[in-house]
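*Asks:* Sequence:
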Amino acid sequence: MDFYRGLIEAVLFVSPEPISVTALARQCNLDRTNTRILVDSLVDDYTERGGGITLREVAGGYRFLTSEAYSGALSGVFADRRPERLSRSVIETLAIVAYRQPITLPEIEEVRGVNSRAMIATLLQKKLVKPQGYRPVPGRPTLYVTTRQFLMRFHLNTLADLPPLRDLKELPFGDADRIDDISLD
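Under UniProt numbering, read the sequence shown as residues 1 to 185, first letter to last.
Just so you know, the hints here were simulated from the structure itself, not pulled from any lab data.
As the structure is a prediction and not an experimental result, all values here were calculated from the model.
Keep in mind that the hints are not guaranteed to be accurate.
[To be verified] Distance windows between CB atoms, simulated: (1) 52 / 3: 44 to 54 Å; (2) 113 / 1: 49 to 59 Å; (3) 73 / 159: 27 to 37 Å.
From the three backbone atoms N, C-alpha and C, an ideal C-beta is built for every residue, glycine too.
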């Protein structure tokens, strides 16, 4: 089993995307039950070790991430990399989609009280939301939902991992205008 544990660890390490237990089992020629046991063992080991890397379940799969304890120290390592910027209005629109999906543009605009077409265009371009069908009402407006990229970006496994809305009011958003400045953990 040590070979398969190492193989799973290696597959997770080289993967740019989270990998589900089912995909890992298929990739490593193992049954799903043993794969789950080995993945859980790896998660426990990385958690107990307390190092700079952790193995977490995000977006329906497993992925290596840097430990949050080291995020401050690492911020200077990539200082020359330009951060991905989202305005407050785009972040507000993203939150509306995340908590009320599927939702139409007119429904978003009703909540915000202003035109939100440009905000949706930005979120579509950043692949944080996507169209998913149409509301069966006159005009058949497009329904928008969050994407797997959204889950990965915010380190969520499922939408059920979103904090309750009441907790969002307590977050220190302040003047944050970078997506990297906002932590939902």
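*Asks:* Does each hint fit the structure? Answer for all of them.
*Replies:* For each hint, the structure was consulted:
no. : hint                 : verdict
1   : 52 / 3: 44 to 54 Å   : 26 Å, violated
2   : 113 / 1: 49 to 59 Å  : 58 Å, holds
3   : 73 / 159: 27 to 37 Å : 31 Å, holds
Violated hints amount to a single one, hint 1; each of the other numbered hints is respected by the structure.
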